[in-house]
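**Student:** Next come the chains, spelled out residue by residue.
2 protein chains.
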Amino acid sequence: MGILAAEPEFREEVTSAAVFTSNAFAAAPVVVSQRETQLSKMCAVIANSGSANACTGAEGLVVARAMQAACGEVLGVEPDHVGVASTGLIGLLPPTDRIRNGIAMAGRNLTRDGGSSFLSSIMTTDRFPKACALEVETVDGVVRLGGCAKGAGMIAPAMATMLCFVTTDAVVSHGVLRSLLRRVVGKTFNCVSVDGQMSTNDCVFLLAGGASRVFLSPAGAAQLGAALRCLLLRLALMMVADGEGATKVVRLRVRGAANDEDARTVARAVADSSLVKTAMYGCDPNWGRILSAAGAALPRKSLPRVYLEIGGVRVAQEARAVMLTPQAESTLKEVMARSEVDILLHLGNGRSHEKVYFSDLGHEYVAVNSEYST
Amino acid sequence: MGILAAEPEFREEVTSAAVFTSNAFAAAPVVVSQRETQLSKMCAVIANSGSANACTGAEGLVVARAMQAACGEVLGVEPDHVGVASTGLIGLLPPTDRIRNGIAMAGRNLTRDGGSSFLSSIMTTDRFPKACALEVETVDGVVRLGGCAKGAGMIAPAMATMLCFVTTDAVVSHGVLRSLLRRVVGKTFNCVSVDGQMSTNDCVFLLAGGASRVFLSPAGAAQLGAALRCLLLRLALMMVADGEGATKVVRLRVRGAANDEDARTVARAVADSSLVKTAMYGCDPNWGRILSAAGAALPRKSLPRVYLEIGGVRVAQEARAVMLTPQAESTLKEVMARSEVDILLHLGNGRSHEKVYFSDLGHEYVAVNSEYST
Numbered sequence: 001m002g003i004l005a006a007e008p009e010f011r012e013e014v015t016s017a018a019v020f021t022s023n024a025f026a027a028a029p030v031v032v033s034q035r036e037t038q039l040s041k042m043c044a045v046i047a048n049s050g051s052a053n054a055c056t057g058a059e060g061l062v063v064a065r066a067m068q069a070a071c072g073e074v075l076g077v078e079p080d081h082v083g084v085a086s087t088g089l090i091g092l093l094p095p096t097d098r099i100r101n102g103i104a105m106a107g108r109n110l111t112r113d114g115g116s117s118f119l120s121s122i123m124t125t126d127r128f129p130k131a132c133a134l135e136v137e138t139v140d141g142v143v144r145l146g147g148c149a150k151g152a153g154m155i156a157p158a159m160a161t162m163l164c165f166v167t168t169d170a171v172v173s174h175g176v177l178r179s180l181l182r183r184v185v186g187k188t189f190n191c192v193s194v195d196g197q198m199s200t201n202d203c204v205f206l207l208a209g210g211a212s213r214v215f216l217s218p219a220g221a222a223q224l225g226a227a228l229r230c231l232l233l234r235l236a237l238m239m240v241a242d243g244e245g246a247t248k249v250v251r252l253r254v255r256g257a258a259n260d261e262d263a264r265t266v267a268r269a270v271a272d273s274s275l276v277k278t279a280m281y282g283c284d285p286n287w288g289r290i291l292s293a294a295g296a297a298l299p300r301k302s303l304p305r306v307y308l309e310i311g312g313v314r315v316a317q318e319a320r321a322v323m324l325t326p327q328a329e330s331t332l333k334e335v336m337a338r339s340e341v342d343i344l345l346h347l348g349n350g351r352s353h354e355k356v357y358f359s360d361l362g363h364e365y366v367a368v369n370s371e372y373s374t
Numbered sequence: 001m002g003i004l005a006a007e008p009e010f011r012e013e014v015t016s017a018a019v020f021t022s023n024a025f026a027a028a029p030v031v032v033s034q035r036e037t038q039l040s041k042m043c044a045v046i047a048n049s050g051s052a053n054a055c056t057g058a059e060g061l062v063v064a065r066a067m068q069a070a071c072g073e074v075l076g077v078e079p080d081h082v083g084v085a086s087t088g089l090i091g092l093l094p095p096t097d098r099i100r101n102g103i104a105m106a107g108r109n110l111t112r113d114g115g116s117s118f119l120s121s122i123m124t125t126d127r128f129p130k131a132c133a134l135e136v137e138t139v140d141g142v143v144r145l146g147g148c149a150k151g152a153g154m155i156a157p158a159m160a161t162m163l164c165f166v167t168t169d170a171v172v173s174h175g176v177l178r179s180l181l182r183r184v185v186g187k188t189f190n191c192v193s194v195d196g197q198m199s200t201n202d203c204v205f206l207l208a209g210g211a212s213r214v215f216l217s218p219a220g221a222a223q224l225g226a227a228l229r230c231l232l233l234r235l236a237l238m239m240v241a242d243g244e245g246a247t248k249v250v251r252l253r254v255r256g257a258a259n260d261e262d263a264r265t266v267a268r269a270v271a272d273s274s275l276v277k278t279a280m281y282g283c284d285p286n287w288g289r290i291l292s293a294a295g296a297a298l299p300r301k302s303l304p305r306v307y308l309e310i311g312g313v314r315v316a317q318e319a320r321a322v323m324l325t326p327q328a329e330s331t332l333k334e335v336m337a338r339s340e341v342d343i344l345l346h347l348g349n350g351r352s353h354e355k356v357y358f359s360d361l362g363h364e365y366v367a368v369n370s371e372y373s374t
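Residue numbers (the numbering used here), protein chains in the order written: chain A, 1 to 374; chain L, 1 to 374.
Take these hints with a grain of salt, some might be off.
Claimed, not checked - Partial selection, computed: residues in chain L whose CB lies under 10 Å from chain A:
{"hint": "1", "residue": "Leu92"}
{"hint": "2", "residue": "Leu93"}
{"hint": "3", "residue": "Pro95"}
{"hint": "4", "residue": "Thr96"}
{"hint": "5", "residue": "Ser117"}
{"hint": "6", "residue": "Ser274"}
{"hint": "7", "residue": "Lys277"}
{"hint": "8", "residue": "Gly288"}
{"hint": "9", "residue": "Arg289"}
{"hint": "10", "residue": "Pro299"}
{"hint": "11", "residue": "Gly312"}
{"hint": "12", "residue": "Val315"}
Unchecked claim - The calculated lysine-lysine pairs, modelled on BS3-like cross-linking and capped at a C-alpha distance of 30 Å, are:
{"hint": "13", "chain 1": "L", "residue 1": "Lys248", "chain 2": "A", "residue 2": "Lys355"}
{"hint": "14", "chain 1": "L", "residue 1": "Lys333", "chain 2": "L", "residue 2": "Lys248"}
{"hint": "15", "chain 1": "A", "residue 1": "Lys301", "chain 2": "L", "residue 2": "Lys355"}
{"hint": "16", "chain 1": "A", "residue 1": "Lys333", "chain 2": "A", "residue 2": "Lys355"}
{"hint": "17", "chain 1": "L", "residue 1": "Lys301", "chain 2": "L", "residue 2": "Lys187"}
{"hint": "18", "chain 1": "L", "residue 1": "Lys355", "chain 2": "L", "residue 2": "Lys248"}
{"hint": "19", "chain 1": "A", "residue 1": "Lys41", "chain 2": "L", "residue 2": "Lys301"}
{"hint": "20", "chain 1": "A", "residue 1": "Lys301", "chain 2": "L", "residue 2": "Lys41"}
{"hint": "21", "chain 1": "A", "residue 1": "Lys41", "chain 2": "A", "residue 2": "Lys187"}
{"hint": "22", "chain 1": "L", "residue 1": "Lys187", "chain 2": "L", "residue 2": "Lys355"}
{"hint": "23", "chain 1": "A", "residue 1": "Lys301", "chain 2": "L", "residue 2": "Lys187"}
{"hint": "24", "chain 1": "L", "residue 1": "Lys248", "chain 2": "L", "residue 2": "Lys187"}
{"hint": "25", "chain 1": "L", "residue 1": "Lys355", "chain 2": "L", "residue 2": "Lys333"}
{"hint": "26", "chain 1": "L", "residue 1": "Lys41", "chain 2": "L", "residue 2": "Lys187"}
{"hint": "27", "chain 1": "L", "residue 1": "Lys301", "chain 2": "L", "residue 2": "Lys355"}
{"hint": "28", "chain 1": "L", "residue 1": "Lys301", "chain 2": "A", "residue 2": "Lys187"}
Read the hints as simulated data drawn from the structure, not as lab findings. Just so we're clear, the structure is a prediction, and the values are computed from it rather than from any experiment. C-beta atoms are modelled at their ideal positions from N, C-alpha and C, and glycine is treated no differently.
Here chain A stands alone, though its shape is the one from the complex (with noise of 0.2 Å):
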């Protein structure tokens, strides 16, 4: 249980925004900040872990509007200035005696410095924290931005994602706020992928306090859009790192597609491919499977310009094999074996481009999930 506010004095000017997983069954805490929460004006969030409160009908809803509610009185905000967010297993209802009192002493605990407490109390599978803090030298002043994400499993593209809890002390709008949010989400959040599942519960909250009294122009808010933008790579690359069993991070870059949709769809197959998956467990540079993977998501397409390289190899040219070189072999096999792994994919098709960061699939990652619930 931890609760994220705003120092009290600047309670009443924070803005905020926020994006949702757009999953059917979406969690009742994100079903009560999405749609009975002042989004705009939101001064504090509360979360829990442990259990996810999706799946748990009218008696989940109840619930998050009791964690709303308590984190509202404690802070002394009115109750929908509050997000609420949970991580955990689907379809376990929160224990509201102990919701209360975490809720409770969370707030007695409330300290300038207490980030990195708030950050584990939200962490489930993680397997190290996620946060990031950036000073950014605006042309209206220096303003601050900081952010925190819990999540290992459960993440693909197209979707709010995880849970990620973002603060400023810059003056900025709401409006400016709310488009820098979804601009940046989905550059990328969205263009990661650990197993190609999307959350019930994923979520990214954006407070601005306004501490700083740096009231941002549109200049300024253009340069902390591309500092939010950075900011949010690195908490999304930490989450691929710590994808549940992951030893390496794949980037992938889909160049000359014919369209954008092409470009995403070639991305996202390849990324959620297991075969594509095993084989980078496996530090196998098996570039037919990438061609399988991309040639099944683009069914009847004729494709004859395209080429592929690993760490820099070209290994595969006009859709066959490149005879390598021996010192190609070699560079090959180094780069195989690292942690980062970078993939271009030219499909000579077009001028359209993606870009999707993904991790590998071992053993480990068997072994944590097929023990989760059990």
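Since chain A is already given, all that's left is putting chain L on it; use the hints.
**Tutor:** Positioned in the frame of chain A, the structure of chain L alone reads:
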């Protein structure tokens, strides 16, 4: 290397049909079979394992044509009356000398009861051979139907699937064979999923030699179609059970979908979910993952009446957990430990339905696939 051929006296009369993968990087043998072969008059098929002859460029086409020509020569038939199929590693060109010798030897050793040696010649990572034969009492007389298949990994819906060879001694026109085959493949092979992959080499060949001298009427052809469906479903389920490293087969029925597209999308999303597959491997009735995968496939839909049954035990109702009786708990535990598990997911949203068979994902899958080419 194996040759499947009609008996010499029937080679002129054979009718045939075939379906192929829609992968953009279709293998050379698929291209040659699909574009340069008389699909209505194939009296033989030549197949090799070890090299897939996919992503092998113009040289690959030369080799596939050479296989076709050599087989035609051995049998004394036109090359374009011979289908070609390959399976094995992508990017590898079959060695011409060995192919030529293999074809000569296979041609010399053709026998009436050589089916099992043909089958063993095309196996790769298969743990057991997959074959089935049926007698069909049609209104027109008794005909026979026999088939064999090769495949374990790289199997997914929406494709013309792995290697499969079916023969019948009925007398049927090419048009009837073609429409029967397409319809039946859509209901059988396209309803199985091992790892969501569609291979570059998948194909199904159907040859009708006519040895029974039974001319099928439309009613008889419909009966042959029904038997063909049983046969291909049997072979498809053998492939799921042999899914690389699979320990169980899960039969998922999706019902109550608003339309066919929704039913198919949900069935596929659940069947391809690594989290669902690992839960199945761990004998964990983790219904939350099933709903989450379904919900991710239908973003923003409202499905308040959804329910889920595992092995006949209702575990979720109206998108939330059902309190299980001790008896239901023990039934569920027993059901999850079986090698075949039935899941019913009712979306409560319409009348469309879909069925899919899939395998679990365990350590053996990772072991097999991370060490394939190295």
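**Student:** If a hint holds in the structure, say so; if it doesn't, say that too.
**Tutor:** Structure-based check of all given hints:
no.	hint	result
1	Leu92	8 Å, holds
2	Leu93	9 Å, holds
3	Pro95	15 Å, violated
4	Thr96	16 Å, violated
5	Ser117	28 Å, violated
6	Ser274	4 Å, holds
7	Lys277	9 Å, holds
8	Gly288	3 Å, holds
9	Arg289	7 Å, holds
10	Pro299	4 Å, holds
11	Gly312	19 Å, violated
12	Val315	9 Å, holds
13	L:Lys248 / A:Lys355	35 Å, violated
14	L:Lys333 / L:Lys248	15 Å, holds
15	A:Lys301 / L:Lys355	28 Å, holds
16	A:Lys333 / A:Lys355	23 Å, holds
17	L:Lys301 / L:Lys187	27 Å, holds
18	L:Lys355 / L:Lys248	17 Å, holds
19	A:Lys41 / L:Lys301	27 Å, holds
20	A:Lys301 / L:Lys41	27 Å, holds
21	A:Lys41 / A:Lys187	25 Å, holds
22	L:Lys187 / L:Lys355	9 Å, holds
23	A:Lys301 / L:Lys187	25 Å, holds
24	L:Lys248 / L:Lys187	21 Å, holds
25	L:Lys355 / L:Lys333	23 Å, holds
26	L:Lys41 / L:Lys187	25 Å, holds
27	L:Lys301 / L:Lys355	21 Å, holds
28	L:Lys301 / A:Lys187	25 Å, holds
Against the hints set out earlier in the document, violations occur for numbers 3, 4, 5, 11 and 13.
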